Amino acid sequence: MSWDDELVLTSIRRFRIIAATSTIGGVAAYGGPVQYAFTSCNTATITGTIAAGSITNVLWTNYPSGTGFVPSGITSGGGCYYNGGGGQPRFDPAQVEALRKDFKSVRESWKRKRAEVRAKRLFRRVVGDIAYVKFQQRGYHEITGASGARYRLEPGRWVQVMKGCADQVDYELCAHLEIGIPWFDTLVVQHLMLTSGKESEEKFLGIANKHQAGYYPLEELRHRAA
Amino acid sequence: MPSIATPDTTGDVKLTWDPENPEEVKHAKDHFDKLKKQGHVFFRLAPDGGKGKKIATFEDGKGELICEFDPKADVLATPLPRGG
Chain Z
1 MSWDDELVLT SIRRFRIIAA TSTIGGVAAY GGPVQYAFTS CNTATITGTI
51 AAGSITNVLW TNYPSGTGFV PSGITSGGGC YYNGGGGQPR FDPAQVEALR
101 KDFKSVRESW KRKRAEVRAK RLFRRVVGDI AYVKFQQRGY HEITGASGAR
151 YRLEPGRWVQ VMKGCADQVD YELCAHLEIG IPWFDTLVVQ HLMLTSGKES
201 EEKFLGIANK HQAGYYPLEE LRHRAA
Chain L
227 MPSIATPDTT GDVKLTWDPE NPEEVKHAKD HFDKLKKQGH VFFRLAPDGG
277 KGKKIATFED GKGELICEFD PKADVLATPL PRGG
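Chain order of the listed sequences is Z and L.
Read in order, the letters of the first sequence are residues 1 to 226 in this note's numbering.
Read in order, the letters of the second sequence are residues 227 to 310 in this note's numbering.
Check the hints yourself; a few may be wrong.
[Unchecked claim] Here are the computed lysine to any residue pairs in the SDA-like style, where the Cα-Cα straight-line distance is at most 25 angstroms:
| no. | chain 1 | residue 1 | chain 2 | residue 2 |
| --- | --- | --- | --- | --- |
| 1 | L | 298 | Z | 111 |
| 2 | L | 240 | Z | 116 |
| 3 | Z | 203 | L | 259 |
| 4 | Z | 198 | L | 264 |
| 5 | L | 240 | Z | 112 |
| 6 | Z | 111 | L | 239 |
| 7 | Z | 203 | L | 242 |
| 8 | L | 240 | Z | 129 |
| 9 | Z | 203 | L | 260 |
| 10 | Z | 203 | L | 250 |
| 11 | Z | 210 | L | 270 |
| 12 | Z | 120 | L | 252 |
| 13 | L | 298 | Z | 96 |
| 14 | Z | 104 | L | 236 |
| 15 | L | 262 | Z | 201 |
| 16 | Z | 203 | L | 248 |
| 17 | Z | 120 | L | 248 |
| 18 | L | 263 | Z | 180 |
| 19 | Z | 111 | L | 236 |
| 20 | L | 262 | Z | 129 |
| 21 | Z | 120 | L | 249 |
Hints listed in this document are in silico derivations from the structure and should not be mistaken for laboratory results.
Source: prediction; values computed, not measured.
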């Protein structure tokens with residue numbers, strides 16, 4: 001049985017009638033399926049008759065035997081649709097689903113934010129405070145590679161190779177970590193590979209794809225990164 | 227405390243250990259070796275920032291990593307970037 005808003009509401013209404021009268025047999029008369037989202041119910045009372053299979057409990061780990069039951073406390077539900085039994089809270093399954101979805105979305109967003117903060121901290125630690133402040137001011141991180149070449153590491157995954165001492169871009173490189181890893185981590189790796197030794201610099205240059213200057217809209221990216 | 231940090235989608239995953247505890251050091255070395263097998267590059271992180279000191283080198287041509295585990299170092303273990 002799949003979750004269906006209409007079905008759930010119908011089932012709840014029927015269940016409330018039963019609960020109010022404590023007559024479990026009434027459920028069978030409706031003949032409709034009943035869905036529960038209780039996680040436990042240790043004190044269920046088995047009474048009356050409900051057609052086998054008419055009750056589906058998607059979360060209940062402690063499903064009582066028998067064909068019908070009245071969960072504990074439902075007779076004094078006071079208008080609550082659901083009673084979890086065993087002291088469990090009461091929730092409307094439709095609301096629960098919506099809340100779960102919202103919570104998942106918030107959690108993912110929070111995780112992402114935290115990842116970016118962690119990556120930024122690592123970047124700051126690796127390049128040092130002065131370079132980090134400059135990066136914030138200028139929107140890029142400028143380094144001199146082990147070979148003496150000048151690079152500008154751009155937000156995202158791009159590296160500009162500069163012409164000598166001039167403020168002119170010779171060409172652009174693109175090499176990055178797995179998509180999904182915060183781009184500050186990519187900056188860290190680019191920084192370390194280009195500055196730590198000729199060998200690793202050459203390795204990086206061998207991996208990176210080369211593009212003509214102006215290939216990427218870097219001004220826009222800098223603006224977004226600020 | 228020494229550590230091995232590996233960038234991932236959570237920012238980075240960090241393994242730390244007590245260099246005086248042989249069991250923890252062994253665990254860290256195993257982790258290091260495992261990352262090495264996966265082709266990670268290792269950089270020692272300077273405590274005060276600045277340039278990382280490379281503690282691993284590539285064997286010419288093969289791209290094979292040769293590295294040594296330092297039980298007292300803060301290390302960044304990163305997979306090789308890919309062209310984009």
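Verification of the hints:
no.	hint	in the structure
1	298/L x 111/Z	30 angstroms, violated
2	240/L x 116/Z	15 angstroms, holds
3	203/Z x 259/L	21 angstroms, holds
4	198/Z x 264/L	23 angstroms, holds
5	240/L x 112/Z	17 angstroms, holds
6	111/Z x 239/L	13 angstroms, holds
7	203/Z x 242/L	28 angstroms, violated
8	240/L x 129/Z	22 angstroms, holds
9	203/Z x 260/L	21 angstroms, holds
10	203/Z x 250/L	33 angstroms, violated
11	210/Z x 270/L	28 angstroms, violated
12	120/Z x 252/L	30 angstroms, violated
13	298/L x 96/Z	49 angstroms, violated
14	104/Z x 236/L	16 angstroms, holds
15	262/L x 201/Z	19 angstroms, holds
16	203/Z x 248/L	35 angstroms, violated
17	120/Z x 248/L	32 angstroms, violated
18	263/L x 180/Z	23 angstroms, holds
19	111/Z x 236/L	7 angstroms, holds
20	262/L x 129/Z	30 angstroms, violated
21	120/Z x 249/L	32 angstroms, violated
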